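Visitor: Given next are the chains, with one letter for each unit.
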Amino acid sequence: MLAETLLVARKDLRVEWRAKVALGQVTPLALLILVVFAFALDANTSLLKLGAGGLYWVAVLYGGTLLIQRSFDVETDDGNMDAFRMSAISAPSLFLGKALALFVQIGLLELVLGLGIAFFYEVRIVDWALLLVAATAGTVAFSVCGVLWGVMSAGLRVRATLLPLLLVPVLTPVLLAGSRAFETALGVRADAGWTWASLMFVIAAVHTAIGLGAFGFLLEEG
Amino acid sequence: MTVVTTSRVKMTATPITRVLGVLALAATGLMALLGLVVSPADVVQGEAVRMLYLHVPSIWIAYGAFVLTSVSSVLFLRRSKRRADRGRHYDRLAGSAAEVGVVFAGITLITGMLWGKVTWGTYWQWDARLTTTILLFVTYLGYLALRRLPADPMVRSRRAAVMALISFVNVPIVHYSVDWWRTLHQKAERRTETRNNWRNVLDIALFHGCGDHCGCVVDHSPVPSNTVRRIA
Amino acid sequence: MSTVVKFEKVVAVAGSFPVLTGLDLRVDQGEVVLLRGENGAGKTSFLRTCAGLISVNSGDACVLGFDMRVDRRAPRRYIGLLGHENHLYRDLWVREHVEFRAAAAGAVESDTDAALEKVGVPEQLWTVPIGSLSAGQRRKVAIASLVVGRPRLWLLDEPHATLDTKSRENLDLILGEASASGATIIFASHERPPGNGLASRVITMGGGRVLEDSGAR
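Sequence order for the protein chains is E, B and V.
The number in this note's numbering is simply the position in the first sequence, starting from 1, with 29 added.
The number in this note's numbering is simply the position in the second sequence, starting from 1, with 1354 added.
The number in this note's numbering is simply the position in the third sequence, starting from 1, with 460 added.
Keep in mind the hints are simulated off the structure, nothing from the lab.
Small disclaimer: the values here were computed from a predicted structure and weren't measured.
Where hints are given, some of them may not hold.
What the simulated footprint calls covered on chain B by chain E, stretch by stretch (three residues with Cβ under 8 Å from a Cβ of chain E suffice, anywhere in the stretch; the number is not a length) [said to hold, decoys possible]:
{"hint": "1", "stretch": "1487–1494"}
{"hint": "2", "stretch": "1499–1511"}
With a Cα cut of at most 30 Å, we get these calculated DSS-like pairs of lysine-lysine [unchecked claim]:
{"hint": "3", "chain 1": "B", "residue 1": "Lys1435", "chain 2": "V", "residue 2": "Lys469"}
{"hint": "4", "chain 1": "B", "residue 1": "Lys1435", "chain 2": "V", "residue 2": "Lys466"}
{"hint": "5", "chain 1": "V", "residue 1": "Lys578", "chain 2": "V", "residue 2": "Lys626"}
{"hint": "6", "chain 1": "B", "residue 1": "Lys1435", "chain 2": "B", "residue 2": "Lys1364"}
Pairwise CB distance ranges, derived in the manner of DEER restraints [claimed, not checked]:
{"hint": "7", "chain 1": "E", "residue 1": "Asp71", "chain 2": "V", "residue 2": "Phe477", "range": "53 to 59 Å"}
{"hint": "8", "chain 1": "B", "residue 1": "Arg1432", "chain 2": "V", "residue 2": "Ser570", "range": "45 to 51 Å"}
{"hint": "9", "chain 1": "B", "residue 1": "Pro1504", "chain 2": "E", "residue 2": "Leu70", "range": "51 to 57 Å"}
Even glycine gets a Cβ: it sits at the ideal position worked out from N, Cα and C.
Based on the sequences and whatever the hints tell you, model everything.
Guide: Given below as structure tokens:
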């Protein structure tokens, strides 16, 4: 199963490498959102510093949704879903493979956004370990939820609007937890940062379990 | 093989639902009477407490409806696994229950906001219950959106059923996280000093009224028009 | 000779529309079957039902020995399906795509080069993104993706579409070879003359069932 998972992940990443949508379009867009926040908050540096943790995750939500969308657009183009269904690769491997590829892409997005808040909002990182763990936890949660909900809106004509509508309520706990964990890591407030980070892992674990079980079923049509 | 197309919406009232309907109307009348006229104003909150008579049962109805959606979805998935076209009525039940749930969650939010304006001075507080409720509301709006999609009906029902199940698991997570984040909402709706017999009777009447409404709406899930029926 | 496809009074529904209405058909191993019929006759639906993509409502359906009513996913790894669409990742290079399909089917990646040569995709195109190929070349890449998986049952929907004459003959050769090595081929086609003599049996469909069968048993 590991080999199949890596095969699918490599394929997804290769598609991305050739098309350069994540790198060329989504990341700049998400970075721009950080800038737009500054406009919205009137470049109030102290406000931006206070809110950096949360604003970061909102930008990740925005960019992440686009990346998830793209991941499934590639599969529904040209009848690729049928090929997916017909392949000898097991559904759980398909699920994990796509999640892994998304993890890498969203991870890279977060790296750039992290640099963004460091430069644009002048944040100071107090707890590096917490920051990295929280970022990882959030990325895993995003990836797994993304694949699960992405397949639910895949192949439907209104998927561009449906996916965010379905995804955002599901990701709000992740957003909440991520923001609080980041705030602790950035020294904005003394909170239970590590507990929030572990909550994100729990959410990721729950959705992984559901995804492994339900993905095959969701892939079928008719 | 003959194909018959029916192009009228069939009314699905049965003797039982008619009785339920009458009872619901009666209970609603009783509720209005008890709530607005008979029951005394609260010592602390004044007349605003009357809003709670609608607010609290509404969220119970919403929770109940969403539980029904999830249970129906499980039954639908199990039935349709054995035979592809079986279990449709469970699917419709899940959808109807979600519609009721969304409406009552909406009522909860609106009455909560109005009550909040009078007692707290603001329409909204970022406390655990309110925030969770609005997330619940939007989640099931998304569920209803998924159900309305132009897609193969079986695909649609299937995905909606899985979504209902995932949401069922997710809602406690959301609740837990948000609760953890804030705890301000009035915990003691049922444990105030002015508790008295009228209050008990009132609650039961309210529950009945809302519950009967719920039952009626759930039963009236219409048969879709232009149903193609095969007489093979 | 084992039976590869056995359908008895099969009814299949897609959405709320009956696409197969009591279809009876038996195909043995090694046969090359041509499906003909008007648009909407059910050819595509039949192919998709054999592939397990459409579920069977009633009747008995057995593909490659698997009961389609019990588990319709089971035979898929042994089936090569080519629909109207090509199932290609447009951003990948030709070779990368076929390599992926080979690996997904459990085949050796070196088979990729052989498959691409067989279908007649020139080597200089192997490192070109699929999206920039012509329709005919894309179809050939799609066929190569199938070839590399060495399926036991080939289900092809209008495989000759967009191919030039030479490529069509080439495809017929490939299918002939596959059949000779034990694979079973069922393809739907509007081509005239029917299949260029490739098919050993011609079945005409209409209204979701078999109307005529040149090799009925």
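Visitor: Are the hints correct? Go through all of them and say.
Guide: Structure-based check of each hint:
| no. | hint | verdict |
| --- | --- | --- |
| 1 | 1487–1494 | holds (count 3) |
| 2 | 1499–1511 | holds (count 8) |
| 3 | B/Lys1435 with V/Lys469 | 21 Å, holds |
| 4 | B/Lys1435 with V/Lys466 | 22 Å, holds |
| 5 | V/Lys578 with V/Lys626 | 13 Å, holds |
| 6 | B/Lys1435 with B/Lys1364 | 28 Å, holds |
| 7 | E/Asp71 with V/Phe477: 53 to 59 Å | 58 Å, holds |
| 8 | B/Arg1432 with V/Ser570: 45 to 51 Å | 46 Å, holds |
| 9 | B/Pro1504 with E/Leu70: 51 to 57 Å | 40 Å, violated |
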